[in-house]
Amino acid sequence: MAMDPDQIARQFIEAIPHAQALGMEISLIERGVAEITMPYDPRFVGDPATGVIAGGAVSALLDTCCGAAVMCHPEAPIGTATIDLRIDYMRSATPGEPITTRAECYHITRSVAFVRASAFDTNRAHPVAAATGAFTVERQR
Amino acid sequence: MIKRPEPVQIVKRRRDALLGALVGGIPYIQYLGISFDRRGDELTAVLAYDEELIGNPMLPALHGGVTAAFLETTAVVTLSWATLWSDLEAGIIATNDPADITLPRMPKTIDITVDYLRSGLPRDAYARARITRSGRRYASVHVEGWQDNRDRPFAQAAGHFLMPPKDG
Chain E
1 MAMDPDQIAR QFIEAIPHAQ ALGMEISLIE RGVAEITMPY DPRFVGDPAT
51 GVIAGGAVSA LLDTCCGAAV MCHPEAPIGT ATIDLRIDYM RSATPGEPIT
101 TRAECYHITR SVAFVRASAF DTNRAHPVAA ATGAFTVERQ R
Chain B
1 MIKRPEPVQI VKRRRDALLG ALVGGIPYIQ YLGISFDRRG DELTAVLAYD
51 EELIGNPMLP ALHGGVTAAF LETTAVVTLS WATLWSDLEA GIIATNDPAD
101 ITLPRMPKTI DITVDYLRSG LPRDAYARAR ITRSGRRYAS VHVEGWQDNR
151 DRPFAQAAGH FLMPPKDG
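First to last, the sequence lines map onto chains E and B. Start counting the first sequence at 1; every next residue gets the next number (the numbering used here). Start counting the second sequence at 1; every next residue gets the next number (the numbering used here).
Careful: at least some of the hints might be erroneous.
Claimed, not checked - With a straight-line cut-off of 20 Å between C-alpha atoms, the simulated EDC-like cross-links for lysine to aspartate or glutamate are:
| # | chain 1 | residue 1 | chain 2 | residue 2 |
| --- | --- | --- | --- | --- |
| 1 | B | Lys-12 | B | Glu-52 |
| 2 | B | Lys-166 | B | Asp-115 |
| 3 | B | Lys-108 | E | Asp-121 |
| 4 | B | Lys-166 | B | Glu-51 |
| 5 | B | Lys-3 | B | Glu-89 |
| 6 | B | Lys-108 | E | Glu-75 |
What the hints assert, rightly or not - Stretch-level coverage of chain B by chain E, calculated; a stretch enters the list once three of its residues show a Cβ under 8 Å from a Cβ in chain E:
| # | region |
| --- | --- |
| 7 | 4 to 14 |
| 8 | 40 to 47 |
| 9 | 68 to 82 |
| 10 | 140 to 153 |
Claimed, not checked - Distance windows between CB atoms, simulated:
| # | chain 1 | residue 1 | chain 2 | residue 2 | range |
| --- | --- | --- | --- | --- | --- |
| 11 | B | Ala-48 | E | Gly-51 | 55 to 65 Å |
| 12 | E | Thr-122 | B | Pro-5 | 35 to 45 Å |
| 13 | B | Gly-33 | E | Ala-15 | 31 to 41 Å |
| 14 | E | Ile-8 | B | Ile-92 | 26 to 36 Å |
| 15 | B | Asp-124 | E | Pro-48 | 17 to 27 Å |
| 16 | B | Asn-149 | E | His-126 | 39 to 49 Å |
| 17 | E | Ser-111 | B | Asp-111 | 50 to 60 Å |
| 18 | B | Ala-94 | E | Pro-48 | 39 to 49 Å |
| 19 | B | Pro-5 | E | Ser-111 | 27 to 37 Å |
| 20 | E | Ala-49 | B | Ala-94 | 43 to 53 Å |
| 21 | E | Arg-91 | B | Val-46 | 45 to 55 Å |
| 22 | B | Ile-92 | E | Gln-7 | 24 to 34 Å |
The set of hints was computed from the structure by calculation and includes no laboratory data. Glycine included, each C-beta is placed from N, C-alpha and C at the ideal position.
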């Protein structure tokens with residue numbers, strides 16, 4: 001029996017060296033929606049005066065999560081790459097807390113997937129960052 | 001009486017010490033393996049290739065998040081350095097000892113848009129930021145990243161940043 005597309009997407013994301021390096025854990029990946037968490041790590045601090053995680057590390061998490069949402073879309077692309085990604089930083093993440101991102105692939109065409117995502121610390125009411133992006137859609141020929 | 005210029009190595013040492021204090025104090029810059037080349041006041045960021053930076057092991061290609069982080073880091077450091085440089089040259093920062101330097105707070109990213117122009121190859125990458133506008137509170141920065149060929153950038157970014165408040 002063929003493997004479930006969500007399962008393929010999960011394996012695809014889990015095989016990313018940089019996602020492993022940042023300690024990313026997938027908590028949800030199905031039907032164009034993904035949730036990934038990154039633990040707090042002092043190595044990823046961007047402002048030593050506050051201990052706040054670098055924006056860049058949050059960007060890497062958001063980018064991965066958006067890619068995961070594309071990969072698990074029911075149209076099942078076999079690959080994807082970022083075309084563009086815009087990130088808004090609304091507030092500093094609380095030092096010591098893990099960061100969770102949720103991404104949704106809300107539209108997909110033959111060649112392009114449109115994704116939006118948010119990042120949270122333990123305060124789920126106020127996001128730390130939001131992202132919107134366009135991704136390539138690689139299809140089986 | 002004409003004031004004699006300071007010996008070049010003393011000037012260089014002072015500038016490099018300040019840049020070292022800025023870059024060395026940020027854990028994430030060390031983690032990603034970014035260093036900065038300085039020519040006068042101009043900085044070039046260098047991202048040393050490492051297997052951990054890969055996002056697509058099949059190609060292989062740099063992780064899009066790494067590219068975004070690299071360009072954003074280049075923008076933030078270039079902005080912070082611009083302020084430090086003018087304070088140093090104006091004699092507001094008057095120390096030669098990096099241990100004595102109290103660094104200002106880092107600029108905060110408001111937003112950044114990254115364009116991925118071609119896939120990042122598994123080798124070193126370089127980036128330079130141009131501050132297109134720097135006000136008291138807000139700054140706009142454009143960054144370009146390239147690898148083997150300066151005329152073929154693999155990514156570019158435009159971002160807005162909130163500048164740290166000046167003391168006093």
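Hint check results:
For the hint pairing Lys-12/B with Glu-52/B, the CA-to-CA distance comes to about 34 Å; that exceeds 20 Å, so the pair is violated. Between Lys-166/B and Asp-115/B, the direct Cα distance comes to roughly 32 Å. Violation of the 20 Å bound is thereby established for this hinted pair. A C-alpha spacing of about 18 Å is found between Lys-108/B and Asp-121/E, which places the hinted pair at or below 20 Å, so the restraint holds. Distance restraint check for Lys-166/B and Glu-51/B: the Cα-Cα separation of roughly 40 Å exceeds the 20 Å cut-off, and the hinted pair is therefore not satisfied.
A distance of roughly 16 Å separates the Cα atoms of Lys-3/B and Glu-89/B; the hinted pair therefore holds under the 20 Å criterion. As the CA atoms of Lys-108/B and Glu-75/E are separated by approximately 38 Å, the hinted pair breaks the 20 Å bound. Under the rule that three or more residues need a Cβ within less than 8 Å of chain E, the assignment of the region 4 to 14 of chain B is violated, with 0 such residues. Counting residues of the region 40 to 47 of chain B whose C-beta sits closer than 8 Å to any C-beta of chain E gives 0, which falls short of three, so the coverage hint is violated.
For the region 68 to 82 of chain B, the stated coverage by chain E holds: 6 residues have a C-beta nearer than 8 Å to a C-beta of that chain, and at least 3 were required. A stretch counts as covered by a chain when three or more of its residues have a beta carbon under 8 Å from one of that chain; for the region 140 to 153 of chain B and chain E the count is 0, and the coverage is violated. For the pair Ala-48/B and Gly-51/E, the supplied restraint of 55 to 65 Å is violated, since their beta-carbon distance comes to about 25 Å. Our hint of 35 to 45 Å for Thr-122/E and Pro-5/B is violated, since their Cβ atoms are close to 56 Å apart.
At about 22 Å, the beta-carbon gap between Gly-33/B and Ala-15/E misses the expected band of 31 to 41 Å. Range check, Ile-8/E to Ile-92/B: about 58 Å between beta-carbon atoms, so the 26 to 36 Å window is missed. Between Asp-124/B and Pro-48/E the beta carbon distance is about 26 Å. The supplied range of 17 to 27 Å therefore holds. At about 43 Å, the CB distance of Asn-149/B to His-126/E agrees with the hint of 39 to 49 Å.
Taking 50 to 60 Å as the suggested C-beta distance range, the pair Ser-111/E and Asp-111/B does not conform, at roughly 26 Å. In this structure the hint that Ala-94/B and Pro-48/E lie 39 to 49 Å apart at CB is violated, the actual value being about 23 Å. Taking the beta carbon of each, Pro-5/B and Ser-111/E are about 59 Å apart, not inside 27 to 37 Å as hinted. Taking the beta carbon of each, Ala-49/E and Ala-94/B are about 22 Å apart, not inside 43 to 53 Å as hinted.
Remark: the range hint 45 to 55 Å for Arg-91/E to Val-46/B is contradicted by a beta-carbon distance near 31 Å. Separated by about 59 Å at the C-beta atoms, Ile-92/B and Gln-7/E break the suggested range of 24 to 34 Å.
Taken one by one, the earlier hints fail for this structure at numbers 1, 2, 4, 6, 7, 8, 10, 11, 12, 13, 14, 17, 18, 19, 20, 21 and 22, listed in ascending order.
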